[in-house]
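K.L.:
The lines below spell out each chain.
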Amino acid sequence: MKNPLHKRLPRELKSEFGKYAVVFFLMVATIGFVSGFLVADNSMLIAYNESFEKYNIEDGNFRTADRIYRSQREDIEKLGIRLYENYYIEEELDNGNTMRFFKNREEVNKVCLMEGVFPEHTGEIAIDRMYADNNQLSVGDTLTSKDKSWKITGLVALSDYSCLFQNNNDSMFDSVKFGVSVVTADEFDSLNQDKLQYNYSWKYNQEPSDEKEEKEISEDLMEDIGAIVTLETFVPRYTNQAITFTGEDMGGDRAMIIMLLYIIMVIMAFVFGITISNTIRKEAGVIGTLRASGYTRRELVLHYMELPVLVTLAGALIGNILGYTVLKNVCAGMYYGSYSLPTYKTVWNAEAFLLTTIVPVLIMLVVNYSVLRHKLRLSPLKFLRRDLSGKKQKRAIALSPRIKIFSRFRLRVIFQNMSNYVVLFIGIVFANLLLMFGLLLPSVLSHYQLEIQNNMLAKYQYMLQVPVSAISGSKLEELLNLAMFYMDVRTDNDDAEKFSAYSLNTLPGKYKSEEVLLYGVEPDSKYVKADLEDGAYISSAYADKFQIQVGDTITLKEKYEKDEYSFQVDGIYDYTAGLCVFMERDKLNETFDLEDDYYSGYFSDTEITDIRKKYIGSVVDLDALTKISRQLDVSMGSMMGLVNGFAILIYMVLIYLLSKIIIEKNAQSISMVKILGYTNGEISRLYIMSTSIVVVICLLVSLPIERAVMEVLFREMMLASISGWITMWVDPMIYVQMFAAGLLTYVAVALLEFRKIKKVPMDEALKNVE
Amino acid sequence: MFLQIQGIKKSFGSGDSRVNVLKGLDLEIEKGEFCVLLGPSGSGKSTLLNIIGGIDSADEGKLIIDGECLADMSEKKLSVYRRKHLGYIFQMYNLIPNLTVRENIEVGAYLSDQPLDVDELLHILGIYEHQKKLPNQLSGGQQQRCAIGRAIVKNPDILLCDEPTGALDYNTSKEILKLIETVNQKYGNTIVMVTHNDAIKDMADRVVKLRDGMIRKNYINEHKIPAAELDW
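Sequences listed follow chains A and B, in order.
Read in UniProt numbering, the first sequence has 223 at position 223, and its numbers run on one by one without any break.
Read in UniProt numbering, the second sequence has 117 at position 117, and its numbers run on one by one without any break.
Since the hints were derived computationally from the structure, they do not count as laboratory data.
Be careful, since some hints might not be right.
[Stated by the list, open to error] 30 Å max Cα-Cα, derived BS3-like pairs, lysine-lysine: (1) A:Lys103 with A:Lys614; (2) A:Lys19 with A:Lys758; (3) A:Lys665 with B:Lys132; (4) B:Lys132 with A:Lys19; (5) B:Lys133 with A:Lys19; (6) B:Lys132 with A:Lys7; (7) B:Lys186 with B:Lys31.
Produce the entire structure from the sequences given, and follow the hints as far as they go.
P.N.:
So, in structure tokens, the structure goes:
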């Protein structure tokens, strides 16, 4: 015989439809979003990794001042590589952006067509999909420059530009103002050939086995090629940010998203736990009778567990289906919002299934089982007597009779529901954390921009770029090129002040190894005002990120070598735009065996116009420094709306469920006071007001806790997701917004609860009274 | 002897507030006997019933049912004992609100390997036509009939009834008593009923009167009358 108790399940579901529906939808949304994210993340990472082979991505590229002759090419290819022309031309567009034009590639760095068709005629163009998105361009639109226009026939992803870095030295990519595109060969030839850049890609005949070997080979290669042609740039793939940045960045949010899922699951499990306790209290007589009749505790535990577990399982399954179909695209969209990735194929992800389905169901099982085991541990007799409190409250908490009866009543309701309110408080903390996270990022970014603006070292920082030919040719050629270089980078600008720079990496350990720029500045620098003398200062961003204090010793190393350098920190310099070390120029030059008069660039408050542009590696101005915050805004801005919506949803669900439980728990008393003649309004003031008071207190008390937790979370997030550092800053308005959002949400729920109070029948009080 | 109670003692509380509810009871009940436990509130009759039912334990003494001693049983064994041998009827019907009358009875039937026929039982209980109703659509008497059905459908050896008519009016109470009598005659279950209604003793085979935790009277009712003839 089938257990007749099973027949209760559909009826239970029907009678508690609101509660289960809310929990179900929350499960579906959470699990769907997380599984969508994990599937998209994994599928895209696979697509990205496969793209190297699929699109035959180069092993590196270099640029020469002139076209390479056939004999030179043959000499270069004898070095164990194959060369491919990958010329480009950059044009300023009418919208102020820069477009880099390539011929469509057939052999190496092949292009993924994402929408439309490849250009077939002159005047047609296929542009990077993400640049198009960020500039609201679509197939059929026209791009114009000063003297030409192109019809967009397709949106593409260039496999060597998954991240739109214009120059490899740039600190952040720019998918808003910089785009890449392909045109037909004829169209390419019709562009301004004066701007033609002789860029060549290479593939090794025999791939190096690891990055270390790749570095060794590429260093030799640079020298060897430099002996054959004059190099302007030389970028092996492993240093090419346009190719590698995406892979390094992907997967960083995974841990955070999974953590979010589990926190929600645990909270939901506790909500179920409380709901179950409530049901057990309500059904104490029935449970006592069943136990007295011979039903075992295990049978009852299983019976009461069935529905929550089934709802979770259904939520997890439907969430997974949605994750794999609809939400996957939403999450992939977030990646497509940051990176020019090729199209991907959805790959079944067993780990995602485990994490989003098996684990939540297990959490639910364990929490529910524990709560039920605990609750049903009492003897049948206790259930029959409805004496469910393990420990009896010795006596009621004394309340002065001077307190008005309504206030005392409310206080009693609060005392009675303490356990529910504890869960409510945890829920509020969690929901508010999410909300805070959503509200925080935009304000942090704008504050960061402002801060950078206020404490820039100089309005312009010119980083000079020694042509590769000056270090990779015959000795004579090197000397000649170097002399020419130093001649051409001299300036008469009075604001200009020389500095030397050297790049090292932090030691890998607790935090991943990161690049630190060491500045050697003039003793009486007007741009870096610190008493450097013989010591070293570090930027405040560096100090914040690695929690370094004055007096500590920092150790840095060469990126690919074992050489380590230690410096004692004599001070912290208020500079938030990057991880830097400041010391006197002489000291830096000496430390790194550079010549005494060596310098790497200029600080200047006015634009320097008299040095040759080709020797300027990069210009660090406000625009460049704020690129990181601008890009984060573009990449994560859309997600923040989602996070805020989700936070409010969780918040509403929790408050709805918990206040519903409180009202159900008190249904008999509510009914009784109704019989006594209390109006619905008065009853609401007693029961809803109690919860209102608790909500307001919880909201206020939770703020400092959230702030403290957020400090930790923000720090971990920044450590995991960005190079460099952004300091956390909470706009006071955020607290106001959080409080207001919490309160408004509560009011909406309270109105629903008011309706519920009106519905409590008066005969409730007359039932089951012993 | 089917049911043997030997020197059962039970107290609640500790120190000054300790109350000795049962002060050493001895009682024997034959198989198929209808035994009524009478006594005022606090006399210990419900406690004794609960000890017989295995949902409460004695501090001292032995309870032997069909040769098995309850005190030696683990919690798990007690559940099995209740499952196999006992049916319970309470003053509060404790029906499962979202199961129909029939389903509530099936909840009891599930516990037995050889339950009684539910349809037949519904007829005997007089609630066949209400079988598809939910408990809240029934009167108190009908609900108690359903509760009796749930208790006896597994054809228990012992039916324990704790004030089964305590919440019912005179006529309904008599109907319920008649039903319990019918069950006893038809299925031969041993019935132990707790009541403070003195009139009910007249329908019992054995009458046990308790006061202050002691058995004051224990006798076989020589002049048993049918429930229909009871009056109070």
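K.L.:
Each hint should be assessed against the structure and marked as holding or not.
P.N.:
Hints, verified against the model:
1. A:Lys103 with A:Lys614: holds (24 Å)
2. A:Lys19 with A:Lys758: holds (18 Å)
3. A:Lys665 with B:Lys132: holds (29 Å)
4. B:Lys132 with A:Lys19: Holds, because 27 Å separates the two Cα atoms, which is no more than 30 Å.
5. B:Lys133 with A:Lys19: holds (25 Å)
6. B:Lys132 with A:Lys7: holds (13 Å)
7. B:Lys186 with B:Lys31: holds (14 Å)
In the structure shown, no violation is registered for any of the earlier numbered hints.
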